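S.K.: Protein chains in written order, with my numbering: chain E, 3 to 431; chain L, 3 to 431.
Watch out, some of these pointers could steer you wrong.
Pairs count within a copy or across copies, as identical chains cannot be separated in the list.
[To be verified] Result set (EDC-like, lysine to aspartate or glutamate): computed pairs, CA atoms no more than 20 Å apart in a straight line:
hint, residue 1, residue 2
1, 64, 322
2, 128, 292
3, 128, 322
No wet-lab data here; the hints were simulated from the structure.
Since we're looking at a predicted model, the values are computed, not measured.
2 protein chains.
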Amino acid sequence: MATTDDLLRRRAQHISPSLSVLYRDDPIHAVSARGQYIYDADGVEYLDCMNNVPHVGHSHPKVNHAIADQLARLNTNTRFLYEPLVDYAERLSALMPGDLSVCFFVNSGSEANELALRLARAHTTKKGIVALRGAYHGNTTSLVEVSPYKFEGRGGAGRPEHVQVAPTPDPYAGVHRDTDAAHAYISEVDDAFFRADASVPAGALIIEAIMGTAGQVEPPAGYLRGAYAAARAHGAVVIADEVQIGFGRIGTHFWGFEAQGAQPDIVTLGKPIGNGFPLGAVVTTPEIAESFHNGMEFFCTFGGTPVACAAGLAVLDVMEEENLRQHARDVGEHLTAGFRALADDHLAIGNVRGSGLFLGVDFVTDRGTRGPDGELARWLVMQLRRHGVLCSTDGPGDNVLKLKPPLPFTRDNADRLITLTGDLLTMRD
Amino acid sequence: MATTDDLLRRRAQHISPSLSVLYRDDPIHAVSARGQYIYDADGVEYLDCMNNVPHVGHSHPKVNHAIADQLARLNTNTRFLYEPLVDYAERLSALMPGDLSVCFFVNSGSEANELALRLARAHTTKKGIVALRGAYHGNTTSLVEVSPYKFEGRGGAGRPEHVQVAPTPDPYAGVHRDTDAAHAYISEVDDAFFRADASVPAGALIIEAIMGTAGQVEPPAGYLRGAYAAARAHGAVVIADEVQIGFGRIGTHFWGFEAQGAQPDIVTLGKPIGNGFPLGAVVTTPEIAESFHNGMEFFCTFGGTPVACAAGLAVLDVMEEENLRQHARDVGEHLTAGFRALADDHLAIGNVRGSGLFLGVDFVTDRGTRGPDGELARWLVMQLRRHGVLCSTDGPGDNVLKLKPPLPFTRDNADRLITLTGDLLTMRD
């Protein structure tokens, strides 16, 4: 086995530094993983609180078996007929509300959001897009252009003319914090569409129900329905980006938008959908699919292959068999309660938010101003890593501890994280 | 098992008609595949002459074993350190000429070309692109915009302002056919860059060494070096799209551009790279990678996972162990000779071209005008299918029989295809 130093040196020769490595000064040389645990080259076990892609657990045997079994039989493309594609499209559609019943399969969340933009533009004939500050929707040219997290961040080229940005609907540390924050943030979405109307009219609002890169931001009650309505009043469709939060992670519901009783026009899926097998999907209405059906074929070589669909089906099976949505809700409530109890003793914890196993702990320098304490959050992440627990930070102040573990994460795992965090914060106080 | 009719009916409810099905009136309900054969629900065996994705053969046990084995151990992302990523990047780089040594891994050829455009624009700071008529480079917004095959085809929105199109360098039926066609086509590329300079200056020429969707078009000798030089004289970089033709398919060389002794600045890889496992790659120079490294992270969730790299490594191993590049060359020469012999008896065969197992047979109404006989080509494809052989057509006149089988395709398979084609053409004469 290569030493970690050797691996880093060789990696530097052939992999661009544009790709980052976690814990740069002491990266994790991973060799195996199982459930909610990752093991490094020295046999050290890490509790994984950061990876939402291995949704039903790292190396889940049922998913892996389904992939291997289908690989051994048939892997081809959607120009052929085969059952797994149809079975999977039926299963996914059945999980969606209303007439969200037409599925497109692609290879990633980026490809899903790319296609969603094409669908929205075909349907509305409007090129503009409204996105939320702090949002990330993918790594292609068109998606970096609608990701304020990227174009307003390091190396970013600024806001393109066809994109309008509405504020992060953060009722804790955002621009509107009072009891009427929902209305204020909805008005901001409306304003963004008015600005678009006066410049490049917007055909879509692209929106995550709980915002990941913005710092695990849960919008105030009523926001989603209001924001969706504002978009529709301007002749736009709503793209719900469920790449991070979909598939039962939020515990109370299978999809993020359901938590606020909102119904989008286009839903995009990625990350957890295949438990790490490259897969993404777009689900939309027959009406929007028909607008896109203008004679130009859409073909995605690896999208919806029998193997990809077998992976997707197995993930849905495991979700049901292991009751993982309910489990995410239970453990999430326990984690939230534990962190809220810690906040009684540690003033640095300003806010604990999120749902199920998609949580954020907002570290502040001052509970009055709610100013971000990114330094403390980053210190905590480094300390946790030294104690064998993997978490990350995000948000504009890099001060929000993000928790989005594989769903098998247990109450005991939660207790360990809470106790360790408490001990570390006490040590630092 | 579902009946084919039932499957079609259910598919129509949940899969957009924008996705096409081969042999629409009698589609192939595939249930298994092995090597160069596909089997349908009735147990009928089809000789596969069309699928270049199962590069080393459908369901290759070595590739499948490598995927299953790595799935059982570790599947994570590039923010962790692990050996397969580095091993694979080293192996791919070693196959590239010159200083093409920095690899980016993504999930498809589309994602590879998307990233290639971002790299080219970052390096040159020029947004324009020159592409060739008939070319297809992917299914995202930015790639449809640089794919004349799409934007000039059905449902296409026409040429965007930032894209200039040079003619398909087809010395047989293209706009320049004489002995000096290479120079004429190179001049056309130069002209396209001059038009770009006067409009939106072009930062890249994106080009396939043998054009697939344009009708398996092999440019005249010297064209690639001349076209590359023209691009560079205008301050652009060259993106070699090897998604269809790479990995030894052309027999004489591992990469298409090598056949004309040309060296690109960015190479994009897809389709065959993982034998059907979703994988794509971009290989570029340290200089271009450095231009892209401006502080913005590039992250592709499933790109370069240990499992994707294990698939890629296994494909390279099998290529070597089974000597498939040389095999493609041998069988390709045999196929080409066979079709050229058929042309002696059948005036409809105007041209047999390509290299290795990436061949095109151009059907014409008249050998003088070289006008396309799409009807004959489509009829032939339907007849071949009834005789258990799967081929497709392409080209602007839909008159070019495309041959790009899995590489295990044998001389006996070739003989069967040639004999059957001869019999069918004789029947039709």
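S.K.: Against each hint, give a clear statement of whether it holds in the structure.
M.R.: Each hint tested on the structure:
no.: 1; hint: 64 to 322; in the structure: within (13 Å within a copy, 33 Å between copies)
no.: 2; hint: 128 to 292; in the structure: within (16 Å within a copy, 36 Å between copies)
no.: 3; hint: 128 to 322; in the structure: neither (40 Å within a copy, 51 Å between copies)
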